[in-house]
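Take the given structure of chain A and dock chain B to it, following the hints.
There are 2 protein chains.
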Amino acid sequence: MDQIDRQMPFSHNGSTLWPCMLDPFAPLSHIDGYLKDFLESRRLAPLLREALVYSLLAPGKRLRPVLCWHACEALGTGVGVTGQDSLPAGGAVELIHCFSLIHDDLPALDNDDLRRGRPTLHKHAGEAMAILAADLAHALAFVLISERCPAELVPQMVTELAAATEAMIVGQVYDTLGGVEGTSLEVQAEKIHANKTGALIRASCRLGILSACGAGHIQEERQKLELERITRYADALGLIFQITDDLLDVEQTSEHVGKKTGKDAAAGKVTYPVVFGVEGSRREIAKHVDLAIQAIAPWGESGKALEVICQQMSRRTK
Amino acid sequence: MDQIDRQMPFSHNGSTLWPCMLDPFAPLSHIDGYLKDFLESRRLAPLLREALVYSLLAPGKRLRPVLCWHACEALGTGVGVTGQDSLPAGGAVELIHCFSLIHDDLPALDNDDLRRGRPTLHKHAGEAMAILAADLAHALAFVLISERCPAELVPQMVTELAAATEAMIVGQVYDTLGGVEGTSLEVQAEKIHANKTGALIRASCRLGILSACGAGHIQEERQKLELERITRYADALGLIFQITDDLLDVEQTSEHVGKKTGKDAAAGKVTYPVVFGVEGSRREIAKHVDLAIQAIAPWGESGKALEVICQQMSRRTK
Numbered sequence: 055m056d057q058i059d060r061q062m063p064f065s066h067n068g069s070t071l072w073p074c075m076l077d078p079f080a081p082l083s084h085i086d087g088y089l090k091d092f093l094e095s096r097r098l099a100p101l102l103r104e105a106l107v108y109s110l111l112a113p114g115k116r117l118r119p120v121l122c123w124h125a126c127e128a129l130g131t132g133v134g135v136t137g138q139d140s141l142p143a144g145g146a147v148e149l150i151h152c153f154s155l156i157h158d159d160l161p162a163l164d165n166d167d168l169r170r171g172r173p174t175l176h177k178h179a180g181e182a183m184a185i186l187a188a189d190l191a192h193a194l195a196f197v198l199i200s201e202r203c204p205a206e207l208v209p210q211m212v213t214e215l216a217a218a219t220e221a222m223i224v225g226q227v228y229d230t231l232g233g234v235e236g237t238s239l240e241v242q243a244e245k246i247h248a249n250k251t252g253a254l255i256r257a258s259c260r261l262g263i264l265s266a267c268g269a270g271h272i273q274e275e276r277q278k279l280e281l282e283r284i285t286r287y288a289d290a291l292g293l294i295f296q297i298t299d300d301l302l303d304v305e306q307t308s309e310h311v312g313k314k315t316g317k318d319a320a321a322g323k324v325t326y327p328v329v330f331g332v333e334g335s336r337r338e339i340a341k342h343v344d345l346a347i348q349a350i351a352p353w354g355e356s357g358k359a360l361e362v363i364c365q366q367m368s369r370r371t372k
Numbered sequence: 055m056d057q058i059d060r061q062m063p064f065s066h067n068g069s070t071l072w073p074c075m076l077d078p079f080a081p082l083s084h085i086d087g088y089l090k091d092f093l094e095s096r097r098l099a100p101l102l103r104e105a106l107v108y109s110l111l112a113p114g115k116r117l118r119p120v121l122c123w124h125a126c127e128a129l130g131t132g133v134g135v136t137g138q139d140s141l142p143a144g145g146a147v148e149l150i151h152c153f154s155l156i157h158d159d160l161p162a163l164d165n166d167d168l169r170r171g172r173p174t175l176h177k178h179a180g181e182a183m184a185i186l187a188a189d190l191a192h193a194l195a196f197v198l199i200s201e202r203c204p205a206e207l208v209p210q211m212v213t214e215l216a217a218a219t220e221a222m223i224v225g226q227v228y229d230t231l232g233g234v235e236g237t238s239l240e241v242q243a244e245k246i247h248a249n250k251t252g253a254l255i256r257a258s259c260r261l262g263i264l265s266a267c268g269a270g271h272i273q274e275e276r277q278k279l280e281l282e283r284i285t286r287y288a289d290a291l292g293l294i295f296q297i298t299d300d301l302l303d304v305e306q307t308s309e310h311v312g313k314k315t316g317k318d319a320a321a322g323k324v325t326y327p328v329v330f331g332v333e334g335s336r337r338e339i340a341k342h343v344d345l346a347i348q349a350i351a352p353w354g355e356s357g358k359a360l361e362v363i364c365q366q367m368s369r370r371t372k
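Chains as they are written, first to last, in this note's numbering: chain A, 55 to 372; chain B, 55 to 372.
One chain only, chain A, in its complex shape (with noise of 0.2 Å):
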């Protein structure tokens, strides 16, 4: 039995549950309270903190920490590893997102106002603490993997979250400056969106299933085979997530998504619109949500959160 019916009910953590009745982002609470403990924990200047406060706790979904979470789950299931473990990681990567959105908001950059129905923390403490802060948070996501994670998973855990930063970076490099060469307008698109927001997500599920890995739970064979699933799982999520995003851009007003729209077009930027078009650019989605629930098939029961994230990402309005 490796296929789920998605109609039919299933047990979750001891209950039957229908698939709508699943709320895979209820670990929200949990990781919310983990960041603002882990920001307490630290020395900061007052104003510094706030301003950490104000875009880290900031309302939002936490994809990438749920993600993270849910990954960790799907493996820890029978050795005693809870969505718990993956705290530390999912945080680490918030943190990186965190950092990323502030700097990104700049007036150098994407000159953004506002972000989640909020003025940006350039607007909100001024440019030289959104500068700041988004550092501070850049280096508090690997004190956080190095102090709280199991030491034995820090340099693979360090590894992965540095590797998808740069990545990160080098697509926002792409996305705002260009400077993609010699290739079609459909692989730039795929380039800077693989980059610039495929390696967190993908970076946040793999950390989830490392998460699980702690104390020798899981033999490295099977680490190994857990690990190329969940990246295509990942993968094929990023592409939705970005293309949404992309046709929200295209398709929603401001005061509905609660940051900018429309800007993409008035910047010229590659996006899948652009170069799909709006109904092509559907299709690419509804192919992807099939590519990840294949991949994360094998886990049965233990990977319905995952597989109703990807379908709840590939119809979001905001």
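Just so you know, the hints here were simulated from the structure itself, not pulled from any lab data. Being a predicted model, the structure only gives us computed values, none of them experimental.
The list cannot tell twin chains apart, which means a pair is met if one copy fits it or any two copies do.
When the alpha-carbon atoms are kept at most 30 Å apart in a straight line, the in silico DSS-like pairs for lysine-lysine are as follows:
id, residue 1, residue 2
1, Lys323, Lys177
2, Lys372, Lys317
3, Lys90, Lys245
For chain B alone, coordinates are given in the frame of chain A:
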């Protein structure tokens, strides 16, 4: 024999030398070569690579990796460890230092046009590129450690480097945006410095010691003792470095130093000359030279290069 007569010749790497003949900055070419090779090993957009090379490989002393090198050699003699073993950690510290200089120079922060006698990166390549290239240098520091240091050392090294980066940013916030509360000017000057400059110099030295400890070369008990020694040395050196820097800002021309001087006073910053006066600052330097040399006296000849650095730093004019 714990004390060395600083006027007498000594043996170093098998040769007999007088202190004035020892150039502690000789490893500079190894360090620059290593950083250049590392950057070439990464897949980067050409403009991004150019920006990073411009800043990271700008002519400079490479004080931090040089300290890391000599701390590693001081301990490594006799156990087959050489300064070469310090290159990943030393390179990582230089990447962090480089990122912080680029961001500090930005218009929203110190608004400097000149760095090491050349246009600052945002003047050379634009503000967007400067922000992103510095972010990349930050991430690459952790890539370098996690990919190239012995796995058993990575957790401690990442903790060391990430916490120092955190402290450096906290210091930069105090320095640029103020907010050190309820303390005397003396304590403020020390608090700003200990974070802003001191933390990374301390990390350079401590990472040098750790670099000598791979493969169980040095027992845990001794490692702890040597880390205490190098930390006392590094804290004294950090103060010498900062006070000298503050004095240069007061006493030298921009042309001589290669960056804008007189700007601390113009910005109303809390510096050593402001708090202790010029003569008082010189007395502080002399006091800390003695403390630094005492701390590493037990290493005898192996610590000679570190001692010479300390003497040179106290007398530098740029």
